[in-house]
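Peer 1: Now for the letters of each chain:
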Amino acid sequence: MKNPPFNYHRPATLTEALDLLAAHGDDAKVLAGGQSLLPVMALRLGRPDHVVDIAAIDELKHIATASGALSLGAMVRHAQAETSPMVAEHAPVVAAALPHVGHRAIRNRGTVVGSIAHADAAAEMPAVCLTLGATLHLASATGTREIAAADFFLGFFTTAALPEELVTSVTFPPWSATSGGAVVEISRRHGDYAMCGLACAIDVADGVIESAALSFFGVASTPIRVAEAEAIVVGQRPSPALFAQAAEVVADVLSPDSDIHATANHRRQIAAVLTRRGLAQSADQIGIPV
Amino acid sequence: MTPGYETGPTSDRQTSGLGFVGQRVKRVEDERFLIGKGNFVADLTPDGVHHAAFLRSPFAHARILSIDVTAAAALPGVTRVFTAAELNALTNPIPPFFMADGVYTPLYSCMSEDKVRHMGDPVALVLAESRYVAEDALELIEVDYEDLQPTATIDQGLDTSREQLWELADGNVLADTSFEFGDVDKTFADADRIITRTFECPRQTNQPMETRGCIVLVDPDSGHLELHNTSQAPHFLKWAIAALLVNDGAVRNLSTFLRNKERRKAFSSASKEFLKTNIDKLKSSDPAGQKAQLSKDKSMLRHQARMAMGLLAAEDYPTVKAGDIGGAFGSKGSVAREDIAVAAAAKATGLSVKWIEDRVENLLDGGQAREERFTVSMAVDEDGTFRGLKVDAVLDQGAYPAFPISGVATLLFWKVYMPGPYDFGAFQLNGKIVATNKGKVVPYRGPWANETFMRERMIDVVAAELGMDPGELRAKNVLREETMPAALLTGPTLDETMSVAKTLDHALSLIDNDQLARDKAAARERGHRLGLGIASYHEAAPGPPNFFESIQPGSDMFLYEDGRAEIQADGRIVMYTSQSPHGQSHQTTYKQVAADEFGVSMDDVEIVWGDTDRTQFSFLGTGGSRGGPLGAGVMRVTARELRRQVAAVAADMIEASPDDIEIVDGNIHVAGVPSRGIGYRAVAAKVARETGIADGPVFAESMKYEGVGNGGWSTATHVAWVDIDLETGMVEIPRYLVVEDCGPIINPGIVDGQVRGGVAQGIGAVFYERHHYDDDANLQSGTYMDYLIPTSMEIPDIEIEHLETLTAGENDARGVGEGGMIGAPAALTNAVSDALGVQVLEQYLPPHRLLELAGVIER
Amino acid sequence: MNLPSIRAAIGETISVTTTINGASRRFDVEPRRSLADVIRDEAGLTGTHLGCEHGVCGACTVLLDGEPVRSCLMLAVQADGTEITTIEGLANADGSLHPIQQGMYDAMSFQCAFCSPGFLMSAVALLRDNPNPSTNEIREELSGNLCRCTGYQSIVEGVETAVRIMGAQQ
Ligand SMILES: Cc1cc2nc3c(=O)[nH]c(=O)nc-3n(C[C@H](O)[C@H](O)[C@H](O)COP(=O)(O)OP(=O)(O)OC[C@H]3O[C@@H](n4cnc5c(N)ncnc54)[C@H](O)[C@@H]3O)c2cc1C
Ligand code: FES
Ligand code: FES
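Protein chains in written order, with our numbering: chain A, 1 to 290; chain B, 1001 to 1859; chain C, 2001 to 2170.
Source of the hints: derived by calculation from the structure; they are not laboratory data.
Everything numeric in this text was worked out from a predicted model, so none of it was measured.
Hints may contain errors.
As the list claims (entries may be wrong) - Here are some, though not all, of the chain A residues that point toward chain B, as calculated from beta-carbon distances under 10 Å:
#	residue
1	K2
2	A148
3	G191
Yeah, the Cβ is synthetic: ideal placement off N, Cα and C, and Gly gets one too.
With the sequences and hints as input, model every part of the structure.
Peer 2: What follows is the structure, given as C-alpha cells:
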C-alpha cells in the first residue's frame, strides 16, 4: 500500500494552480487535505500523473462572511470550521455536521471543500450543501463560474467540476433566527460514514413551517432532497404527527441500495426515523419543542 | 509516588517478602513500548535489504494461462522477479500435519502457478530497492487468467457438482468424520423430546494491529539464513523453513542419512532430543489419519523423507528470531506461504529480503476463521434433564489448509468439547470440512469456540421450548463437584478445577432479576428492547494429562513446555522460554515467577524468548492459553531447581545447612541472620573461579513441564445485557459480567486485560465484524472501512469476578487467553434472543438483521 | 504562510525540512513517500507504527504543529516547515515520563502495544485541550484509534490516571 509515483506541484498562487490544471487536465488531481485522495492512491485505485497540492495558496484559506453569507475557502480544514465561531453563528448546520466527519485526526487534515469536491455519496458535507442551498465557486485558467449545490452532484464521486477546474470556495446563504436545522445519522461504528444520514433545515414563521429542506446521504449516488416530504411539512405547524407523516413519505420515496453494512429496507427505515428526529431537533432549535 | 494518586508495585520497587506473584505488578514491556522503543519486525531495516511485494490474484478461482514478468524485471530499482513456478521449484510442497480418519489434506506450494484458488493467492514475487518500487513492478506483470467457477459458500462447498479446488478430493469436501460417545440411538429413543436447530457463524478474521512480516538475512559466507519474523511459534517456523527449502535435488532418504556420518553428527540436537523424548508417543499415534491421507494422495511420501527432522542437517536450519509482536490471536502461528517464498528468494539470490504484509494483504489472506454451520439435536426430558447431543457440523476452511493447524484440529477439539460442562449421556459429532475459494482459515482465539456458541444458544432454545429459565436449566445440568464423574463423556479426566458450576452459581447470584424486569420495562418505554444472556464453558488450559490423548492419540507430545534457567558468572539470572509472546506480557509474569523463586527483585532476572539459537526447541510457541500454566510453570520449576543448587553452594560458603537457607532481596543467608548473607554474585564468582568459567553460565538447568494434578481446566460464565433500539437496530451493552476461574492469578492486571480483550473480540464478532465474500467469492470487506473492528465507543466496561479455585499443584495457574472470546458470542446472542423474544440462529447480528428479527423491517 | 512554488518530476526528490521532537531535520524525499515512512525509515523513529496505511487504525498518529494527524495519510512533502511530535518526543529530557505515559503505565493500558503510539498522541492532544474530560469524552476522542487487544477499558483508565497525575502536578 504505497503511493504510485507522480509529478508533484505545490503552487504558491491560485493562478499557478489553475495553469497547472489547464496544462494537465485529466492527468492531474488536486490535493487538498488528502484524507480521501491518499488512501485511494495507496490502494492504487487512482494513479494521477500530476498532483497539485493547493495547501500553500493563501487565497484559499479564508473563513469569511459577506452580507450574512458564510464563505469557506478550499483550504479550510474540517477542524478549523468545526471550531470557528463564525461558522457556528452563520452556518450552524455545517457546524453540526462536522463532528460526524470521521475522527479528529482526519478532520485536522481534511477540508470542507475537499469533501464536497470528492462527492462521496455517504458524506455529510454534500448533503449539507444541498439543504442549505450552498453555492460552489469554481475557477479555471479561463475564468470562474458558480454552481448551485443542486446542480453540482452528478453521481458517485462525480461532480459538475471539470478536470481543469478548482473549487475555490463554498458559500452558504445567510442563516436566519427563524431557521432551525440538524444533521443526524446512523453509522455502524462511531465516526464511520453513515449507513444513512439527514441534513435538514426548516424556516418557521408564526409557528408555521415556511420552508423545509431534507437532504439524505448514503441512500443514493448523490445526496438527495425529498421534495415530497418537504411539501408535507410546509405550511403546517411542527408536530410529532406531521413529522411522522413526512417520515412515511421519505420511506416510500427513497430507493436505496443494499450493501454489506445495511439493507435497502434498513436504510429506508433509518431514513424515516431520522426524518422524525431531524425535524424535531430543528424545531427544537427555534424554541418549538416537539 | 506523586501525591494525590495511587500507584501499585512496579518492577523497580522491591516487594520481596510479599512476593510478586499475585500482585498487580506493572508491565516491564511498557518500559520500552511507552517511549516508542519496541522491537517490531517492521522496525528493522538492515543495510542493503531488498523489499518484497507479492502479486496476488484478483480472481477467486482461475487457471493461469501465462505470466509475463519482463517489463517488471526491467523496471529500474527492481532486483529480481520470481514467478510462482520459479519459487515452487526451489521449495517443497506444504505437507499435511494434523491427519485424521476421513480427512484429506491437499498439499500445496508456497506460490500458485497453475491456478489460483482465492482472491489474494500469490502468483509472483518482486524484490526491489523499496516497497514503493516493488509495488510499481507488480503493476507491470501480466497474467492471463481463465475464469473457473468459484465456490463461495458452505452450501456450494457441499455441492459435488461444482468445479473442484482440489483434483483429488471428493468434490470440495475434504473431511467427513464421525465420532460417537455413549449409546446415541438409545438415548435419543428414550428421551422425552428431541429439539433440533441449525446455527450459523459467518467468516471472521483475527486482525492483529500488526500485520505479518518477515526479514530474511543471508550470511554471505555460509549462506545461513536468519529470519526475523512475527511468528507465534519460532521453532516450528525454523523446522518448516528447513524442511520446505531443502529441495536441492539431493536424495534425502533414510539410507543416505545413515550412510552419511557427517550428517548424522550434525543432526540438530534439539530436534533429536524432541524425537527421543517422544518416540513412544510418535509410535502410539493413530495411523488411520495417515491411511486416509494416502488413500487420496501419496505424494506426501515423496516429500516426507526430505522433511523428516532427522534427515535435515544442522546447516539446513535457519535461525529464527521473533522480537516484539503486535498481536496475533492465532494468525501468526501458521507458517505463511509468504515466509517460505521470501526465504527461498533470499536463499536463491543471496540477498537479504524484507516483507511486511500490508493491511489489504492481511485482510485477503492473513488468517480467517469461524465460518461454520451446526445442526444440533438435543435429547431432553420434560423436567429439563439433558440426555443426548447430536451435531452435524461443517467448517468452511477456505482455499488452503493452514500449516500446521488446519480445520482438522478444530473438528478434533469439537469432538471433545461440544457437550461442554454438562452431564450428557451420549454424544455424536458428524464433522465435515469444505474447501471454498476464500482466504485460509487459521486458529483464532479459541479456534473451537463455536461449540460454545452453538451449545449455549441451543440450551436457551431448549429452555424456551420447555418453558424453563435458561439459568436454572444450566444450573440443573452442569457438572457439579459433588456428583462429578471421573471423566468427561468424551474422555478427559475431571477434578475440582472443572468449576463451571461455581462460576454459574456466582454469576446467577449477581443478576438482580427484579432490577432486570424494571430495566426491561423502561427500555420498552423508550422503544428499545433489553435482554440478558448467559453462557458457560470450560477450556482445557492446559487440560488434564489425557486431554490431548482424547483429542488424538499421540498428540500429547505437544503438551509439555521446555525452559532453562542460568546464573551467569557475573551473578545475573537468565531465564529462557520457548514461548513467543505477542501481547500477553510474558516478560512481566515470568519475571514475577522467577524473582519469587530466587528471592530477588524482578530487575535481577532477564527473560530470553523468541530466538531459536538461545531457547529450547518447541513445536508450539505461544497459543492455546498455555503461557500461564505451562510457560510460567516451567519457569517456576526450573528456577526452583537452580535456587536449590545455589543454596547448596552458598550454604557451604557461609557454613550452614542448605535447609536453613533463606533468600530475601537477593541476600542468601541463614533464616533469621540476614547480616551474614552473601549475594548471587558472590556464589557465582566462587563457582566461576573453581570451574574456570569467566563468561557464561555457572549454574544451568533445563527442564520440561507438563502441568500437574489431574485437572487444569479454566472455566467461566459470561452474562451480557444487551439493549436494542428498535427504530434503528443500534445496540448498547449496558452491562457485561464475566465470572471466571483460571486458578491462582499471577498478575490480575494482565489477566483482566486478557479477559476484556477476548470479550471485545466477541462483541465484534456478533455486532460488527463479518468478513464478507459475495456469491462469486470476491472479498467485500477488503479494507478497514468495511471490516469493522469495534472502537472505544462500542466496547463497554467489563466487570470481572475471579474465583481462583486452588488445587494441590505446584504451578496451578490456568490459561485465560482465549476464554473471553469463547464465551462472549454465546452470551450476546442469548441476550439478543431474550430481548427480541426470538431464537437467534446466527452469530452475526448487524443492525439490519436485528430489525429483521424484531419484525421491524422485512428481509 | 505562503510557501514558494515547488515541483518535482517522477523520480526526483524534494528537500523537506521539519522539526521532529524538537530537532530540525532535512530529508530529500520522493514526493510520493508518506510522512509515516519518512518518520520511520529516514528519521529512524520507529515508535510510530503502521497498522493499515489507509487512515482507519490510528497507529500512525503523530502531532503536526500540535494537532493529531494520520502520518500514513500525509505525504512527507506536505510536512515541510512543520513541527512534528512522535511518541519518542513525549518523555522529558531527563527520561521521566510524560503524564500520559505514566498514566498508561500505571493503568497497564496496553498488551501488544502496537496501537500505543496512536493512543498516546491522541490522548496528549485531548488532555491539552480538555484537561478534565469525562469518560465519555475520552472514549469518543479515542474512538479514532483501534486496539485489538485490550477492549479499551484499560486505555481509558490510563487517560483518567494521567488526568489525576496532571492534576496532582499542578
Ligand atoms: C478513516 C476516515 C474516515 C472518514 N470518515 C468520513 C466521514 O464520516 N464523513 C465524511 O464526509 N468524510 C469522511 N472521511 C473523508 C474526509 O472527510 C476527507 O477529508 C474528505 O472526503 C476529502 O477532503 P480532503 O480535503 O481530504 O480531500 P482530498 O483527499 O485532498 O481530495 C479528495 C478528492 O477531491 C478532489 N479535490 C479536493 N479539493 C478540491 C478542490 N478544491 N477542487 C477540486 N477538486 C478537489 C481531489 O482531487 C480528490 O479527488 C473519512 C476519511 C478517513 C480516512
Ligand atoms: S496506519 Fe495510519 S491510520 Fe492506520
Ligand atoms: S495493545 Fe495490541 S493493539 Fe492495542
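Peer 1: Do the numbers back the hint for A148(A), that is, is its least Cβ distance to chain B under 10 Å?
Peer 2: 30 Å, violated
Peer 1: Is the interface hint satisfied for K2(A)? The criterion is a beta-carbon contact with chain B at less than 10 Å.
Peer 2: Status holds, d = 4 Å.
Peer 1: Taking 10 Å as the limit, does the beta-carbon of G191(A) come near enough to a beta-carbon in chain B?
Peer 2: 7 Å, holds
In terms of the numbered hints stated before, the structure departs from hint 2 and from no other.
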